Amino acid sequence: MKRTYEIHPRPDNLGGGWKLTLLEDGEEAGGGVFPLPEDDAQSGMAWWNSMTEERRAHWLMMAASAMPAAARQAYLLSEAYNDALDQGESWAAPDL
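The opening position of the sequence shown corresponds to residue 1 in the numbering used here, with each subsequent residue numbered one higher.
Derived by calculation from the structure, the hints in this document are not laboratory data.
This structure is a prediction, so every number in the text was calculated from the model and none was measured.
Worth double-checking, as some hints may not be accurate.
Said to hold, decoys possible - Quick list of the computed label-pair ranges, beta carbon to beta carbon:
#1 S78 / P11: 13 to 21 Å
#2 R10 / M67: 32 to 40 Å
#3 A66 / G26: 40 to 48 Å
#4 T52 / D95: 39 to 47 Å
#5 T21 / W48: 29 to 37 Å
#6 R3 / N82: 15 to 23 Å
#7 M51 / D95: 34 to 42 Å
#8 M1 / A64: 19 to 27 Å
In this text, a Cβ means the ideal position worked out from N, Cα and C, and glycines have one as well.
Given these sequences and hints, build the entire structure.
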């Protein structure tokens, strides 16, 4: 039995983030959604202030923006993707 997975973006009107589809021998066998978490200005500001200038520059580049709020969104999108990826990798890993 071959286990694989796919990760696709979710529309913003459904919460954005990512949709994980788990496949077993090419057939859908489960999955999940990884929307962007609700965020507030205070959390975003604390996140921004906790980073080095290098990390700030990285997230601004990832957002293709000069706005810290856009950098925060890029970070949250990346975190949601990494969560989906971890679950997909766990699914696809052979049982040891």
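Distance restraint hint 13 to 21 Å, applied to the beta-carbon atoms of S78 and P11: Roughly 18 Å apart at Cβ, these two residues keep to the hinted range, so it holds.
Beta-carbon spacing of A66 to G26 - inside the hinted bounds 40 to 48 Å or not: holds, 44 Å
Whether the CB-CB distance between M1 and A64 falls inside 19 to 27 Å: Because 41 Å falls outside the window, the suggested range is violated.
Consistency of beta-carbon spacing, D95 to M51, with hint 34 to 42 Å: For M51 and D95 the Cβ distance comes to about 39 Å; the hint holds.
Assessment of proposed distance window 15 to 23 Å (beta carbons of R3, N82): This hint holds: roughly 19 Å between Cβ atoms.
T52 versus D95 beta-carbon gap, inside 39 to 47 Å or not: Holds - the Cβ-Cβ distance for T52 and D95, about 41 Å, lies within 39 to 47 Å.
W48 and T21 - C-beta distance against the hinted 29 to 37 Å: holds, 34 Å
CB-CB spacing for M67 and R10 relative to the 32 to 40 Å hint: violated, 23 Å
In summary, the structure is inconsistent with hints 2, 8 from the numbered list given earlier, while agreeing with the others.
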